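Trainee: So you can see what is in the structure, the chains are spelled out below.
Number of protein chains: 2
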Amino acid sequence: MAKWVIEKSESVFRTKIFSINRLLCTHPAKSVTHEFYILHNPDWINVVAIDTAGNFIFVEQHRLGTGTYTLETPAGLIETGEDPVEAAKRELLEETGYEAGKIVLMRKLAANPAIMNNYIYFFLAENCRKICEQQLDIAEDIRVKTFSPQEVQKMLSNGIIDHSIIVTALSLYFMQKEKFLL
Amino acid sequence: MAKWVIEKSESVFRTKIFSINRLLCTHPAKSVTHEFYILHNPDWINVVAIDTAGNFIFVEQHRLGTGTYTLETPAGLIETGEDPVEAAKRELLEETGYEAGKIVLMRKLAANPAIMNNYIYFFLAENCRKICEQQLDIAEDIRVKTFSPQEVQKMLSNGIIDHSIIVTALSLYFMQKEKFLL
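Note that the protein sequences, when read in sequence, are chains A and B. Here my numbering is used: position 132 in the first sequence is 132, and no number is missing along the way. Here my numbering is used: position 166 in the second sequence is 166, and no number is missing along the way.
Certain hints may be false.
Claimed, not checked - For lysine-lysine, the following DSSO-like pairs were computed, each having C-alpha atoms within a straight-line distance of at most 30 Å:
#: 1; chain 1: B; residue 1: LYS16; chain 2: A; residue 2: LYS8
#: 2; chain 1: B; residue 1: LYS154; chain 2: A; residue 2: LYS154
#: 3; chain 1: B; residue 1: LYS108; chain 2: A; residue 2: LYS154
#: 4; chain 1: A; residue 1: LYS154; chain 2: A; residue 2: LYS130
#: 5; chain 1: B; residue 1: LYS154; chain 2: A; residue 2: LYS108
#: 6; chain 1: B; residue 1: LYS154; chain 2: A; residue 2: LYS102
#: 7; chain 1: B; residue 1: LYS89; chain 2: A; residue 2: LYS3
#: 8; chain 1: A; residue 1: LYS154; chain 2: B; residue 2: LYS179
#: 9; chain 1: B; residue 1: LYS30; chain 2: B; residue 2: LYS3
#: 10; chain 1: A; residue 1: LYS177; chain 2: B; residue 2: LYS179
What the hints contain is simulated information worked out from the structure, not anything from laboratory work. A quick note: this is a predicted structure, and the numbers were derived from the prediction, not measured.
Construct the complete structure from the given sequences, taking the supplied hints into account.
Mentor: Written out as structure tokens, the structure reads:
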């Protein structure tokens, strides 16, 4: 099982946030040149945030990919040169007005190694307190909602939470809490 | 919390597999026009596959997004007009040579509602038997590996399995098995 060899890489599309590279690759075990497209994204953070009463802090917003309202854990892009934990604190504060008493990295996972180059840092923020109002970007219109652990468990079960990355974040939290992750 | 209104949508990039639309949107609560880019992908399937001995069937391959080898549950694109469960059976057979005794949908989740339009169908395939050799696409070089539940749990814990969608698939399985999902 050999690695693909990149014979040529060229940028074929670019926005302010992401770009696409077209790769022409050969494979030692195959006699063809194959074309791949890779999305170059900044790394992302995602924060499972729990307030001092033990409730989970969610953000609800209208998303244009699916054209639906989604319930999500606070999340965003890591800015150039920014430390992941600082990005997590910043996004939590901007989107919800909450500040974490304690924040730890649960896991760093690849977003989608087949077509994306970036990683997602999943944080757990505990003892969060509301210290200010939201500070939203021009493209954000976000409602903050809090839910008990039982309500979150129910929304994972009945599919109300249907964003795969959010299911990942909450799964990491609950599997650690239930001692399934060693 | 209002919906974005799409004033203009245009296709700005296209490959054989995915395309990108640029949306110009207005928001009832804001005084600006904002630009969004949405990736249009086919829906995907992902299969947690367990053989008749109770071992998990994984595929290992070199991925060009991250430039790493990844351990993954079998997965792929749903072809136009194809039923998701048929896509799951097809990808399992093509990538591994295994056929499922029983296959059920665990969950349908949105891949990433902020920037993608597509959904991932997560299946559980049980009592899988090897009935033929792999039937790989020209762009696939895949090694099949099987692991016990304990080994999978360990690889989720120590980060050897670091592909976020695969962590989602396995989390859905283990959380159902442990009766955490109601």
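Trainee: If a hint holds in the structure, say so; if it does not, say that too.
Mentor: Hint by hint, here is what the structure shows:
1. Distance hint between LYS16 (chain B) and LYS8 (chain A) is fulfilled; the C-alpha atoms sit about 19 Å from each other, no more than 30 Å.
2. At roughly 27 Å between alpha-carbon atoms, LYS154 (chain B) and LYS154 (chain A) fall within 30 Å of each other, so this suggested pair holds.
3. The hinted pair formed by LYS108 (chain B) and LYS154 (chain A) meets the criterion: a straight-line CA distance of about 16 Å does not exceed 30 Å.
4. Using a Cα cut-off of 30 Å, the hinted pair LYS154 (chain A) and LYS130 (chain A) holds, with the two alpha carbons roughly 25 Å apart.
5. Distance restraint check for LYS154 (chain B) and LYS108 (chain A): the Cα-Cα separation of roughly 16 Å lies within the 30 Å cut-off, and the hinted pair is therefore satisfied.
6. Proximity of LYS154 (chain B) to LYS102 (chain A) is assessed by CA-CA distance (about 27 Å); at most 30 Å being required, the pair is judged to hold.
7. Under the criterion of a C-alpha separation no larger than 30 Å, the hint pairing LYS89 (chain B) with LYS3 (chain A) is consistent with the structure, at around 27 Å.
8. Proximity of LYS154 (chain A) to LYS179 (chain B) is assessed by CA-CA distance (about 12 Å); at most 30 Å being required, the pair is judged to hold.
9. For a cut-off of 30 Å, the pair hint linking LYS30 (chain B) to LYS3 (chain B) stands: about 11 Å separates their Cα positions.
10. Using a Cα cut-off of 30 Å, the hinted pair LYS177 (chain A) and LYS179 (chain B) holds, with the two alpha carbons roughly 14 Å apart.
When each numbered hint is compared with the structure, no violation occurs for any of them.
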